[in-house]
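> Protein chains in written order, with my numbering: chain A, 1 to 254; chain B, 1 to 310.
Keep in mind the hints are simulated off the structure, nothing from the lab. Be a bit skeptical, because a hint or two may be false.
Distance condition first, Cα-Cα at most 30 Å in a straight line; then the derived DSS-like pairs of lysine-lysine [stated by the list, open to error]:
1. K200/B to K135/B
2. K92/A to K200/B
3. K232/B to K92/A
4. K10/A to K127/B
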Amino acid sequence: MRAIMTIASKDFRNLLTSPMFYVISGLCSVLWTYSYLRALLLFAERSRYMQPGMEGGMNLQREVFLLHISQINLLFVFVVPALTMRLLADEKRMRTYDLLLTAPISATQIAIGKFLAGLGVVTVLTGISFLYPLITRFVAEYPMAPLLSAYAGVIMVSAAYVAVGIFASSLTESTMLAVVLGLIFNILLWFISQGAGTDNLPLVSSILEYMSLGQHFLNFIMGAVKVASVVFLASVVGFFVFLTQRVVESSRWR
Amino acid sequence: MIEVKDLSKNYGDRPAIRSLNFSVNRGEVVGFLGPNGAGKSTTMKIITGYMAPSSGEVKVAGFDVFEDPIEVKRRIGYLPETPPVYNDMYVRDYLRFVAKLKGVSKDRIESLVKSALDKTGLGDVQKRMIGNLSKGYKQRVGLAQALVSDPEVLILDEPTVGLDPKQVAEMRQLIRQLRGQHTIILSTHILPEVQASCDKVIIINAGRIVAEDSLTGLTKRMSGGGHSITLKVRRNQDEVVRSLTSIQGVVQARSSGRMIEVECDGDEATVERVASHVVGAGAGLIELQVQALALEDIFIKLTSKEMITH
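So here's chain A without its partners, still in its complex pose (with noise of 0.2 Å):
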């Protein structure tokens, strides 16, 4: 355990000090402020000729939160590769791979502590989107709840992007490839369930259906923690960390 936590705290602080990550959150800030306050206008332009009786019509969460965080989202599959990059890629490029394989620390705990670090890094991005919403409750009231549970939505899908990342990391030495590679796997469980709804496989077309990273985000949003999409993310991120693991493992075989 403490080996994890000395991986992942180092590498938690130097990610969170170097410049990609001002880069990467400075301009994500721009653009949603840009969207966030568009959508927030319109909300409060439309609701202005809202008639009595309409309040099921209109509300925070739908209009306006849900556009936020599928923008989130989108932001994510691009910059949690970028932020991940550099975790296992840039140890073998820099040669300090040397001392991580030959100090007594297992592979697993590489893994996990690389994971941990990326994680810790998106959660602090995620905590700058979060404050959108939490502003906008100085000029309106709405209920907390299903925010929450659209933000553990996204804690949860950033979580399969950082693992998927690290594993894109782990595969080279080139922090370039490892940007494309993690992009390339985050859209590939994006677009995973499309194969779903071919009917003369019906047992592969239900498997597919429960593998939609989609259906299981949109569970959060609409504030209805399942356990059947935690249990399903989780694995995703069990998965890649594994892979990742077995990765490190392997280069002491070659």
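Could you slot chain B onto chain A? The hints should help.
The following block gives chain B in isolation, referenced to the frame of chain A:
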């Protein structure tokens, strides 16, 4: 302390090392010598548990490297060819990180980091970013990193490569200071380094051990006990050369420029006879040097002989 048995490693079809056997006792400083590509780094990487061998076994402090890699790694400090440093970390923070990674207990971290900084002379730069340090300092940070967990065994892969002559001298000095506290394996292809710091030499060529002995033993064996004496006299050089050949134990004497080179058997009495003869002849002896066969010659002899047989 370290036992290597029948160790082999292939990279694909190409054998890097072929059934190596050697052992290193506690507190010894062993020089691992060989031309480029002889298999020095490969052997060291296997001992540290970084890499698995194709066959054979390695034991460090009684623990098998492949069955108890964690126990072995706890006892080893390793400086690879390229110092494994993070350019975006401060020297002191980096050493703390390595100490934690090596499983040093919390209350010992600060004192061990301090002693590693002192030993490697990094006190002045401890608050600087590693990326901004010179190559020599980075190398020292690499050494500090190997030392920081106070390991029983130190494995140093070409520790002086890329350093300037002053830094090389300092590095050797440091290695001499570490002798006795740690068991050290040191790889190099620079021979004076071995002469300066090692108790024992293992010469490896094309993946095989071609010699394993103490430095004096090796010298004696390879030279067949012979000596050569270099003399410088003030006058009558030619006459001295002619008369020297008649002395018992002298094989050959010849002039080379202002020096006289005398080949003789390894007996010290011969050296004495030569000296007293020259002094007795009144030629004005101003310099006399006895040279055993240098390590350079041994090295070339052993490694080139091996080349031919393959």
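> Among all the numbered hints in the text so far, which are the ones the structure does not match?
Hint check: 2, 3 fail, others pass.
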